[in-house]
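There are 2 protein chains.
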Amino acid sequence: MAYYIGIDLGGSHFSVGIVDAQWRIIGEAAAPSAPERGAAAVAADMAAHILRALDAAGLSLSDCCAVGIGSPGTCDSATGVVLQAHNLGWYRVPLCALLQAELGVPAFLANDGDCAALGEVCAGAAQGSENALLVALGTGVGGGVILGGKICSGHRALGGELGHICIQMGGAECTCGARGCWEAYASAAALVRQAEVAAAEEPASALCAVGTLDGRKIFDAARAGDRTAVAVLARWYQYIGVGLVNLTNVLFPEVILLGGGVSAQGETLLAPVRAYVASHIFVRDCAQPPRIECAALANRAGVIGSAAFAAGCL
Amino acid sequence: MAYYIGIDLGGSHFSVGIVDAQWRIIGEAAAPSAPERGAAAVAADMAAHILRALDAAGLSLSDCCAVGIGSPGTCDSATGVVLQAHNLGWYRVPLCALLQAELGVPAFLANDGDCAALGEVCAGAAQGSENALLVALGTGVGGGVILGGKICSGHRALGGELGHICIQMGGAECTCGARGCWEAYASAAALVRQAEVAAAEEPASALCAVGTLDGRKIFDAARAGDRTAVAVLARWYQYIGVGLVNLTNVLFPEVILLGGGVSAQGETLLAPVRAYVASHIFVRDCAQPPRIECAALANRAGVIGSAAFAAGCL
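The listed protein sequences derive, respectively, from chains A and B. Following our numbering from start to finish, the first sequence increments by one per residue and tops out at 314. Following our numbering from start to finish, the second sequence increments by one per residue and tops out at 314.
Hints were generated in silico from the structure; no laboratory data involved. Incorrect hints may appear among the rest.
The list treats identical chains as one, so a pair stands whether inside a single copy or across any two.
Said to hold, decoys possible - Dumping the calculated SDA-like pairs for lysine to any residue here, alpha-carbon to alpha-carbon at most 25 angstroms:
#, residue 1, residue 2
1, Lys150, Leu51
2, Lys150, Ala200
3, Lys217, Arg193
4, Lys150, Tyr3
5, Lys150, Ala34
6, Lys150, Glu130
7, Lys217, Ala200
8, Lys150, Gln288
9, Lys150, Ala296
Values in this document were obtained by computation on a predicted structure and should not be read as measured data.
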């Protein structure tokens, strides 16, 4: 029987999983990424943890057809090179070649958001949909596009940067150096910044009395009736919505999944976003909008999706 | 030998072409669309003109495998129904069924911009590229996305509305009823509006002395050194650029083609748009931008592309 290895590489940790033909994780391991030690050392460490995960599953390397890696940043899937990953401090790193040299198993590389989207299509909330969009609202806005059951990130996988579509020319500065990016308005981090600004203008708001703000405190304050929090969230839902409308008008996925910590808010988040998308997409008068749900697999999406990506590359 | 029939349906005219395996048009005919007479009458007229075009090519219907129709508006390729085409006044029109009943040949339907993009990939300026984007700058901003050599317009072909990505939340009103759409800033019609506003503020501008403005007069005035025209165009290039950057950050085509009447301006238009895209895409520091050129096939793109779409559906 054929197994695939999936690796979800993050800024702080990497996770390794052995994935079976039903996209179940049957063995896993994790370790700090520590990317500053260099990619060769990280690849060696990944290989060691793959052996540990195989051991946990009662398997050996010869049971595995390929390994897939989901990495942050811009990844050239054709060459297996991480072109730029600012939060790893990696530039032009031939990660696939390094890992292949350690393991002797074919290795394939894709962006982590793209892998997570593929994971949700294979085994998560988008199962059964060939065309799906995952949008992860966190420090930034990440995610991926799946069309026809495959990652859709364009020539040499250089696209898929969903968070960097401009929704406001000349608008808020983004960490990428551009202005007006969706991520600068719709990320969870942007929500916190927007709430901080609003709270500074409304000393009576409950937002001023809860210490350092985070997404959950803002939702809690709104639920308790704080008008500032309610207004900040109402505006933030529109920011999320405008980007989803843009992506829908171009790509029209069957299903849109929202991920990231704030997706724990469930219907509180989904209902207003659904309403915005339904009333703003171009085909609003003649077709149903995409289904909008929360992502289901959380951290496992990346491991399953990178394994599935490797399976699709063979 | 197998031939395909392509139909480019427009608001004023439709064009019919018999297309061979090398994507050459070997027989053609055209007639006024007159959509107000109803879709059944238009389909009958299309069938008559197909027979005329076949006659011109020395062929008969039995030499043809299928017919493709590129229609304005939102088209459901799965059912062959024009869902909404405002400039035809058509809503939920089963155009494929009507034409199939006339001809007895399988008929397939797609959006006209998508067909034109496919035509440019098969036989025009994007030949040899599997991933291409056509952006037609006219009354609106149309075009299409080709990925992996196929039209990419999402679930039931409901996407592909490139002109309706929002680049300015709460911005200029669009004909679609939304605000801030790319088309409201980057179309040739928007250029004329922008020049009219600028001219009204600068009575000394040459733009005030040329009668009713159009795209060519604005380019001519800029070439003659009129500072108002130069400034209007500089801003318009940015509007074009921001939408191309958005589409590139998500889809990363190998080649972007600009179409519409203004593409006759060639390098005058291309050079500043290329510069904007190269300096604003997310991967600007680690990868080459897409190639940006003018479309090559003009009106023939739609006929060739709709024939190619039909060929791909069989």
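These are the hints, each one checked on the structure:
no.	hint	verdict
1	Lys150 - Leu51	neither (28 angstroms within a copy, 41 angstroms between copies)
2	Lys150 - Ala200	neither (45 angstroms within a copy, 51 angstroms between copies)
3	Lys217 - Arg193	within (13 angstroms within a copy, 46 angstroms between copies)
4	Lys150 - Tyr3	within (19 angstroms within a copy, 32 angstroms between copies)
5	Lys150 - Ala34	neither (31 angstroms within a copy, 42 angstroms between copies)
6	Lys150 - Glu130	both (8 angstroms within a copy, 15 angstroms between copies)
7	Lys217 - Ala200	within (16 angstroms within a copy, 51 angstroms between copies)
8	Lys150 - Gln288	both (23 angstroms within a copy, 24 angstroms between copies)
9	Lys150 - Ala296	within (19 angstroms within a copy, 31 angstroms between copies)
Consistency with the previously given hints fails for numbers 1, 2, 5, ordered from lowest to highest.
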